[in-house]
Amino acid sequence: MTTFRGANCGLGAKPVCSVFTDTGSNATEGSGGVEMRYEAPETMKAAVALLASDEHGRVLAGGTDLLVQLRADTIEPSLVVDIKKIDEMCAITRENGGFRIGAAVTGAELGEHEAFKSVWPGVVEALELIGSTQIQGRATMGGNLCNASPAADSVPAMIAAGAIATIEGPDGRRDVPVGEVATGPGRTSLRAGELVASFLFPEQAPRTGDAYLRFIPRTEMDIAVVGAGVCLTLDDSDVCVAAKVSLGAVAARALAPEAAAKALIGTPVDDAALAELSRAASAAAQPIDDKRGTREFRIQVTGVMARRAAETALARAKGA
Amino acid sequence: MTRYHVSATVNGDEIDFLCEPEQTLLDVLRDELHLTGTKEGCASGDCGACSVMLDGRLVCSCLVTGAEVGDCAIETIEGMADGERLHPLQQKFLDHAALQCGYCTPGLLVAAKALLERNPDPTETETRYWLAGNLCRCTGYDKIVRAVLDTAAEMRGE
Ligand SMILES: Cc1cc2nc3c(=O)[nH]c(=O)nc-3n(C[C@H](O)[C@H](O)[C@H](O)COP(=O)(O)OP(=O)(O)OC[C@H]3O[C@@H](n4cnc5c(N)ncnc54)[C@H](O)[C@@H]3O)c2cc1C
Ligand code: FES
Ligand code: FES
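Chains A and G, in that order, are what the protein sequence lines are. Residue 214 in my numbering sits at position 214 of the first sequence, with consecutive numbering throughout. Each number in my numbering corresponds to the 1-based position in the second sequence with 1000 added.
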């Protein structure tokens, strides 16, 4: 197959994407030199049929991971199925008091949706951390999840929010918690012919706040060394009655340690509870050592990020 | 090799082209349409030299396939000046010496224009964040940011 053209003049010689290949699939996977076909079906059914017809088919959403991988020859699909012409994939709708977000909705679009942003500021801030303005114009939550990088920013925020992925496939629809989709670097639990159609963010309890924070060595355009998403709910006397904590970039997939959530539940989210949250988050982290952070550093920073995310979530819950 | 027939508008002109499924919009602009103002710095979404507008959104044309842009409206640096008359941003980039080698300049101009269309009065911080995906090896960015803020002020009539 023809490869992408053009010389690399080194302008962009930054570690951003190497991290994804480090943690993503290493071997070239696919059809071995077969020509790549492009299809842009207009219905979910047609997309599923196309994907089911070719085991080396790939979904194309924003392409901000896929095109980088095509160019690096880490994947060689014989078919790419562009899902952006399917209305349902691009829609933001209300459902039973919650929101349903199409898998192909871009970061820019979700960030401009004031109603969603006011209910789930943590999810939006996580999604908006992905890349630059240019990347935001294309990148989707579906792609972020299905690319299955352990450092994917929107994933811990979605897990903390309790989001459900609606999956379409040859056997129909099924709903699974977002945390069950990615199974390891570059791997998902999606079966042959399946794709993520949308995400359901269920109706939020009153006095709930969410937040996502990541640690990166720069202030923009870098991949999380540690990421932490927290969502918590308070009762009328400011006691935390529900909480979810999710950690990114510190294991093969985003974690949702029960002990970290338990550290908050039943407390007024005071210093003692936050210290316990920090400890539990650090204890749950199983990070790698690499040039962007040692294991010890990442473990310590996990506790700090979890605590700070919880403080922001708490302030938002009180304001909500 | 399958070639895809694509119709789109580029800088307001209706155009048709043939492209291979692996060709990016950047490849199409440069190699098929000979619009070489849009530059390739990294081809991986990191540098912003390839920035164009796609249906009103700022994107990296190196991360869009040519086959995807059917019926889309694309705007490139070639559409920025009005004949011989430079866009205010282009003039201010010259006035402020906001370029040296000029390789990043088309991408920065397209990105800065998108910013000012959304936000006619950006702060310096907003400007720097908006342009964080446009790398420049030469200028150190400061003159670029001054040029953008000065253009914004001029366009607001200050
Ligand atoms: C310069 C740059 C900076 C970046 N910075 C960050 C960052 O800070 N944080 C971060 O998390 N990521 C970052 N990324 C990675 C990337 O932008 C995100 O992962 C993005 O969300 C991917 O979405 P997409 O729509 O572009 O996915 P695509 O590239 O279209 O798809 C990604 C993968 O998911 C599959 N897929 C996509 N949609 C579906 C679906 N609905 N169902 C099943 N499979 C699907 C595709 O087949 C492909 O394997 C960066 C990328 C670049 C180029
Ligand atoms: S060439 Fe597209 S971002 Fe660098
Ligand atoms: S002027 Fe040379 S890269 Fe910006």
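Honestly, the hints are just simulated from the structure, not real lab data. Glycine residues also receive a C-beta, built at the ideal position from the N, C-alpha and C atoms. Some hints could be false.
Said to hold, decoys possible - Heads up, incomplete: computed chain A residues facing chain G, CB under 8 Å, no partners named:
| # | residue |
| --- | --- |
| 1 | Leu70 |
| 2 | Ile288 |
| 3 | Lys291 |
Claimed, not checked - With beta-carbon atoms standing in for the labels, derived distance ranges:
| # | chain 1 | residue 1 | chain 2 | residue 2 | range |
| --- | --- | --- | --- | --- | --- |
| 4 | G | Ile1015 | A | Glu296 | 48 to 58 Å |
| 5 | G | Thr1009 | A | Val34 | 24 to 34 Å |
| 6 | A | Gly172 | G | Ala1073 | 29 to 39 Å |
| 7 | A | Val239 | G | Thr1009 | 57 to 67 Å |
| 8 | A | Phe297 | G | Gly1012 | 51 to 61 Å |
| 9 | G | His1005 | A | Thr93 | 41 to 51 Å |
| 10 | A | Ala252 | G | Asp1082 | 48 to 58 Å |
| 11 | A | Asp87 | G | Leu1018 | 20 to 30 Å |
Verification of the hints:
1. A least Cβ separation of about 7 Å between leucine 70 of chain A and chain G falls short of the 8 Å threshold, and the interface hint therefore holds.
2. Hint status for isoleucine 288 of chain A relative to chain G: violated, with the closest Cβ pair at about 23 Å, above 8 Å.
3. Checking lysine 291 of chain A against chain G: minimum C-beta separation of about 17 Å lies over 8 Å; hint violated.
4. A hinted range of 48 to 58 Å holds for the C-beta pair isoleucine 1015 of chain G and glutamate 296 of chain A, which are about 56 Å apart.
5. Separated by about 33 Å at the C-beta atoms, threonine 1009 of chain G and valine 34 of chain A satisfy the suggested range of 24 to 34 Å.
6. Here the CB-CB span from glycine 172 of chain A to alanine 1073 of chain G is close to 37 Å, well matched to the stated 29 to 39 Å.
7. For valine 239 of chain A and threonine 1009 of chain G, the hinted distance range of 57 to 67 Å is satisfied, since their beta carbons lie about 58 Å from each other.
8. The given range of 51 to 61 Å is respected by phenylalanine 297 of chain A and glycine 1012 of chain G, whose C-beta atoms sit roughly 52 Å from each other.
9. A hinted range of 41 to 51 Å is violated for the C-beta pair histidine 1005 of chain G and threonine 93 of chain A, which are about 34 Å apart.
10. Roughly 54 Å separates the CB atoms of alanine 252 of chain A and aspartate 1082 of chain G, a value that falls within the hinted 48 to 58 Å.
11. A hinted range of 20 to 30 Å holds for the C-beta pair aspartate 87 of chain A and leucine 1018 of chain G, which are about 28 Å apart.
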